[in-house]
Amino acid sequence: QNFIYSDIKPAITFLSGGTIKCPKRIPYTFTDYNNSVEITYKALKSMNIIDNRRVCLMHPFAPWAIGSIFQEALLRMNCHVFPIGFGFLPDRYRQQLHDFKPEILIGPASFLSKLIDNENITLINDCFAVINAGERFTPSLRNKFNKIGIETFNIYGMAEFDTIAFECCYHKLHLLEEFFYFECLTNSNLDNSKSIEGELVITPLYRKAFGVFRYRTGDFIKLDISSNCLCGHNGTIVKDIGRMEYICIDGVTLSEIELECAIESTKLPIKEYQLRAIKAKNGYVYINFDFTADIEMNRKQIEKLHYALNHINIDWEDLIRCKSCKIMEPQQVNSLDDRKTVRGKLDKIVWIEDE
Numbered sequence: 115q116n117f118i119y120s121d122i123k124p125a126i127t128f129l130s131g132g133t134i135k136c137p138k139r140i141p142y143t144f145t146d147y148n149n150s151v152e153i154t155y156k157a158l159k160s161m162n163i164i165d166n167r168r169v170c171l172m173h174p175f176a177p178w179a180i181g182s183i184f185q186e187a188l189l190r191m192n193c194h195v196f197p198i199g200f201g202f203l204p205d206r207y208r209q210q211l212h213d214f215k216p217e218i219l220i221g222p223a224s225f226l227s228k229l230i231d232n233e234n235i236t237l238i239n240d241c242f243a244v245i246n247a248g249e250r251f252t253p254s255l256r257n258k259f260n261k262i263g264i265e266t267f268n269i270y271g272m273a274e275f276d277t278i279a280f281e282c283c284y285h286k287l288h289l290l291e292e293f294f295y296f297e298c299l300t301n302s303n304l305d306n307s308k309s310i311e312g313e314l315v316i317t318p319l320y321r322k323a324f325g326v327f328r329y330r331t332g333d334f335i336k337l338d339i340s341s342n343c344l345c346g347h348n349g350t351i352v353k354d355i356g357r358m359e360y361i362c363i364d365g366v367t368l369s370e371i372e373l374e375c376a377i378e379s380t381k382l383p384i385k386e387y388q389l390r391a392i393k394a395k396n397g398y399v400y401i402n403f404d405f406t407a408d409i410e411m412n413r414k415q416i417e418k419l420h421y422a423l424n425h426i427n428i429d430w431e432d433l434i435r436c437k438s439c440k441i442m443e444p445q446q447v448n449s450l451d452d453r454k455t456v457r458g459k460l461d462k463i464v465w466i467e468d469e
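When you line the sequence shown up against the working numbering, it's residues 115 to 469, in that order.
Take these hints with a grain of salt, some might be off.
Keeping only pairs whose Cα atoms sit at most 25 Å apart, straight-line, the calculated SDA-like set for lysine to any residue is [to be verified]: (1) K459 / D364; (2) K261 / T380; (3) K385 / T236; (4) K159 / N348; (5) K418 / Q388; (6) K454 / N396.
Have a look at the derived ranges for each label pair, beta carbon to beta carbon [stated by the list, open to error]: (7) D429 / R190: 42 to 50 Å; (8) G397 / R190: 35 to 43 Å; (9) K440 / R168: 46 to 54 Å; (10) C343 / D429: 28 to 36 Å; (11) P204 / I339: 35 to 43 Å; (12) T380 / K215: 33 to 41 Å.
In short, the hints are calculated from the structure, not lab data. Backbone N, C-alpha and C fix where the C-beta goes; we use that ideal spot for every residue, glycine too.
Can you make the complete structure from the sequences, with help from the hints?
This is the structure we're talking about:
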């Protein structure tokens with residue numbers, strides 16, 4: 115059902131799938147909309163890089179809620195904005211990008227990644243910063259931009275609430291606690307701990323037309339509750355955040371975050387990857403891991419990766435010992451493009467029922 119109170123008359127209604135993964139009408143009063151613009155303005159302002167710049171806003175929702183809110187916030191900062199909407203392909207906008215010469219790029223990671231390819235890199239010669247908004251910003255993608263001298267920032271948000279957290283000029287990710295009440299659902303006993311992790315739950319404090327209470331986002335979050343930031347923003351610092359893609363096998367859950375940590379621990383130059391859990395008719399689960407890399411992996415490197423996948427955590431190791439599933443030897447492939455969506459997104463974890 116749609117999130118609209120019977121006694122509220124929304125001034126604006128945007129259609130979006132968002133975190134809820136099906137078409138919904140997200141309503142705004144004029145006050146809600148202006149507050150969303152103000153929140154996004156504050157997040158962008160905290161980066162200390164954007165005022166009076168040429169900004170390319172690459173967002174699949176550019177003509178809708180998120181894009182229009184970003185665009186208005188940027189105009190308040192005296193920016194020249196070049197918006198790009200659905201189906202971003204570098205070739206389609208090559209001439210416009212060449213003429214506009216953007217200094218800052220804002221868009222989801224799948225869009226930004228298309229501009230770091232060798233054949234497209236000249237389109238961003240004048241760019242000195244990129245801001246991810248909309249998808250998980252992997253360390254490998256950030257490193258690619260950093261290596262060519264482009265500074266990277268991250269904004270976390272969702273269609274239901276727009277901007278929720280921002281990365282400041284000191285590259286710390288802050289929750290906007292003055293506009294939202296945040297909770298972290300966790301099964302761990304972390305008394306007196308410096309960090310906490312679990313599912314993010316949000317209650318907006320400023321939305322009238324969308325006044326939900328304790329909204330479960332389905333997103334994983336890891337918080338540092340003991341640190342302060344030089345930017346002066348008081349509150350909790352986010353150490354990690356992302357969509358909770360996961361599989362559950364015989365009561366053991368493997369999340370994308372855990373998988374990514376295991377892969378990064380190998381320090382192997384893996385570009386893209388996908389883990390496919392295939393459940394056979396006999397109930398046995400076979401784990402296939404396909405990846406791409408800039409170099410041809412040797413036997414020792416493949417074995418190192420295989421070991422990491424077998425030892426992600428204690429529960430996962432116990433699951434393998436009980437023979438509920440088997441992790442096949444990782445396979446290096448030339449490309450995973452045929453598994454991506456039209457927008458270029460690649461699911462990191464896929465569950466397949468063998469019929």
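Hint by hint, here is what the structure shows:
1. K459 / D364: At roughly 28 Å apart (the allowed maximum being 25 Å), D364 and K459 break the hint.
2. K261 / T380: Holds - the C-alpha atoms of T380 and K261 are around 21 Å apart, at most 25 Å.
3. K385 / T236: Within the cut-off at roughly 21 Å; holds.
4. K159 / N348: Satisfied, since the Cα-Cα distance of roughly 16 Å is no more than 25 Å.
5. K418 / Q388: Holds. K418 to Q388 sits at ~17 Å (cutoff 25 Å).
6. K454 / N396: Given pair K454, N396 is violated - Cα atoms ~29 Å apart, limit 25 Å.
7. D429 / R190: 42 to 50 Å: Hint holds: Cβ distance 49 Å, inside 42 to 50 Å.
8. G397 / R190: 35 to 43 Å: Roughly 57 Å apart at Cβ, these two residues miss the hinted range, so it is violated.
9. K440 / R168: 46 to 54 Å: holds, 53 Å
10. C343 / D429: 28 to 36 Å: holds, 34 Å
11. P204 / I339: 35 to 43 Å: holds, 41 Å
12. T380 / K215: 33 to 41 Å: 39 Å Cβ-Cβ, so the 33 to 41 Å window holds.
Hints 1, 6, 8 from the list above are not met by this structure, while the remaining hints are.
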